[in-house]
Amino acid sequence: DSGVTQTPKHLITATGQRVTLRCSPRSGDLSVYWYQQSLDQGLQFLIQYYNGEERAKGNILERFSAQQFPDLHSELNLSSLELGDSALYFCASSVFEARYGYTFGSGTRLTVV
Amino acid sequence: GENVEQHPSTLSVQEGDSAVIKCTYSDSASNYFPWYKQELGKGPQLIIDIRSNVGEKKDQRIAVTLNKTAKHFSLHITETQPEDSAVYFCATPTGGGNKLTFGTGTQLKVEL
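Line by line, the protein sequences give chains A and B. Its first residue numbered 1, the first sequence is counted upward by one per residue in our numbering. Its first residue numbered 114, the second sequence is counted upward by one per residue in our numbering.
The following block holds chain B by itself, in its conformation from the complex (with noise of 0.2 Å):
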């Protein structure tokens, strides 16, 4: 299959928490796990990646962690500033890897 499930749809949270976004795949032969970031009228972003033979990374801010026995991989951002607000999608490789599917985006609001 090529799904790429996707929770939650928005999030809003106060300056300063931690914001958790989670994304559940379905091909058992994914290895590849990139997160991207979308901000209003511009194209999406890398911002952080992770392959199968680790479980977890970070980078300053943000992390991601990746569980492939329940296959689902999570971003979380902490220590949250206004301008982390933008549209967060998770991806995966499908179709015997020559593409990205990605899931359907989460709206994250940091308020002040």
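Just chain A, same shape as in the assembly (with noise of 0.2 Å):
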């Protein structure tokens, strides 16, 4: 268990719906990121944030938004799924900023039918 929470697991959806990932960070850590794996694809940076503010954005769809709450705990809302929406999503938490490290939680598989 890294300490990094992800939920669900798994989730199965059909094209055109909305979908909610959530994350809780390891206790301690007030930087979330996203980041999307897709089949045979590296790490793509989606969002960042820092003590409930954005602070960084990558290559993230405008269909795409995410937040995090006071408790630290984030969320990232994925809206009019598409076929090529199909991946595995991990949270990433760090103390502050990435060069004092990530730790990763296991992902939740999105899969958009």
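Keep in mind that the hints were calculated from the coordinates and are not lab data. Hints may contain errors.
[As the list claims (entries may be wrong)] Which stretches of chain B does chain A cover? Using the computed rule of at least three CB atoms under 8 Å from a CB of chain A, they are: (1) 144-151; (2) 156-162; (3) 216-224.
This structure is a prediction, so every number in the text was calculated from the model and none was measured. Cβ atoms here follow ideal geometry from the backbone N, Cα and C, with glycine treated the same way.
With the hints as a guide, dock the two chains, each given alone in a separate frame, to form the complex.
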């Protein structure tokens, strides 16, 4: 157990639907990062939050949004889902900046049918 | 720039042999170089990291070397075992250090 909790582990939904992925960071970590990993692809950075505020944004689609709540858990919202959104979505947390190291959760596998 | 190039993409070795994976980065301000191991169906796990003030770091059978002048760092695994089979990712902070940018990954297969 890495200390970073992601739910649900698996999600199957239809095209056009909306889903919410949840992440609880490791105790004491203030930063949360979201990554997308498609089949045979690397880890693509989506977005970072630090203590409730957005700090960095990657190539995140406009259909995707995220937020970090006062208790530091984060949610990634994916809407108007397309087949190509099927992927593993990972959350990671760190104390502050990336140079302090990341701890990853076990991921949410999203399948859009 | 935010590029991190990783080679090779696949690596097959015999049990007991050594494996070396190399990454090249473009941001000369990078100062932290972690390596992650991802087993099938799991999230990436940090296995070793090095900071820019050190040239080499070892932890049992794994080591990381850094050449800041050439902007590359490498992962060395000695006496490989079947349980070392996984995908390995290098990374470095980019975007002012706010996030890690990862290499494209190396699928390591250790054959008996």
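Hint check results:
Residues of the segment 144-151 of chain B with a Cβ under 8 Å from some Cβ of chain A number 4, which satisfies the need for three, so the listed coverage holds. Note: the segment 156-162 of chain B has 5 residues with beta-carbon separation from chain A under 8 Å; the three-residue rule is met and the coverage holds. Given as covered by chain A, the segment 216-224 of chain B passes the check, having 3 residues with a CB less than 8 Å from a CB of that chain where 3 are the minimum.
Of the numbered hints given earlier, the model fails none.
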